[in-house]
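Protein sequences, first through last, are from chains D and W.
164 is the number that this note's numbering gives the last residue of the first sequence; the numbers go up by one with no jumps.
150 is the number that this note's numbering gives the last residue of the second sequence; the numbers go up by one with no jumps.
Just so you know, the hints here were simulated from the structure itself, not pulled from any lab data.
Please note that a few of the clues may not be correct.
One-sided and incomplete, this derived list gives chain W residues near chain D with beta-carbon spacing under 8 Å [what the hints assert, rightly or not]: (1) Thr68; (2) Asn72; (3) Gly83; (4) Leu84; (5) Lys111; (6) Ser114; (7) Thr118; (8) Thr125; (9) Phe129; (10) Asp133; (11) Tyr139; (12) Phe140; (13) Gly141; (14) Thr142; (15) Gly143.
Each residue gets a CB set at the ideal place from its N, CA and C atoms; glycine is no exception.
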Amino acid sequence: NAGVMQNPRHLVRRRGQEARLRCSPMKGHSHVYWYRQLPEEGLKFMVYLQKENIIDESGMPKERFSAEFPKEGPSILRIQQVVRGDSAAYFCASSPRNGANVLTFGAGSRLTVL
Amino acid sequence: SQQGEEDPQALSIQEGENATMNCSYKTSINNLQWYRQNSGRGLVHLILIRSNEREKHSGRLRVTLDTSKKSSSLLITASRAADTASYFCATDAGNQFYFGTGTSLTVIP
């Protein structure tokens, strides 16, 4: 019973390129959350999705960032035209339902923008 | 922002001592949780306390919650070197889970 799977674990991009981060939730979980963590800081909420629906994207930057969770396949966090300030660890977490209280986290994807 | 804040930011203790971390938050909550993060890894859930509970235990962990002061504390008793990690509180207020800035705990063997 695999946990939350994130890939790639490490991603290096040059400024202006696109970054795609993938997250497969834990089996049986239909709710996905994305967080960003800068070095030596806490986690900043970005977006909360259910299958085919964005429930809350209040933490997402208005430009260049998007997220999806299709009916089939993993959730994708997409960052277009990356800038150095996008360098961070991006964590995905899942839960079986809203109000389930406990999040199961993936190991994170570390994005470095050169 | 509803984000909590942990205090202290960093804590260094000798193995066998107790470690206490505090968390303050800003708005009403449904529950409060504590998570642990080892360096370079994802967060792992430790314990959850509901808004109508005042204290909860799990092994060497003891959590208290004071909703009137909007604060919580995490006590780790008889610390071990393996407890070295960052500890975060998280509050659940609807669709989002808000995480604090974390306490970095170092347990010296």
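Right, here's what the structure says about each hint:
1. Thr68: violated (14 Å)
2. Asn72: holds (6 Å)
3. Gly83: Check passed: Cβ of W/Gly83 comes within 4 Å of chain D, closer than 8 Å.
4. Leu84: Holds, about 5 Å.
5. Lys111: violated (17 Å)
6. Ser114: This hint is violated: W/Ser114 lies away from chain D, its Cβ roughly 17 Å from the closest one there, beyond 8 Å.
7. Thr118: Violated, about 23 Å.
8. Thr125: Constraint on W/Thr125 not satisfied, violated at 16 Å.
9. Phe129: holds (6 Å)
10. Asp133: holds (6 Å)
11. Tyr139: This interface hint holds because 7 Å falls under the 8 Å limit.
12. Phe140: Nearest chain D Cβ about 4 Å off; hint holds.
13. Gly141: Where the cut-off is 8 Å and the nearest Cβ of chain D is about 6 Å from W/Gly141, the hint holds.
14. Thr142: holds (4 Å)
15. Gly143: OK, holds: W/Gly143 within 8 Å of chain D, min 5 Å.
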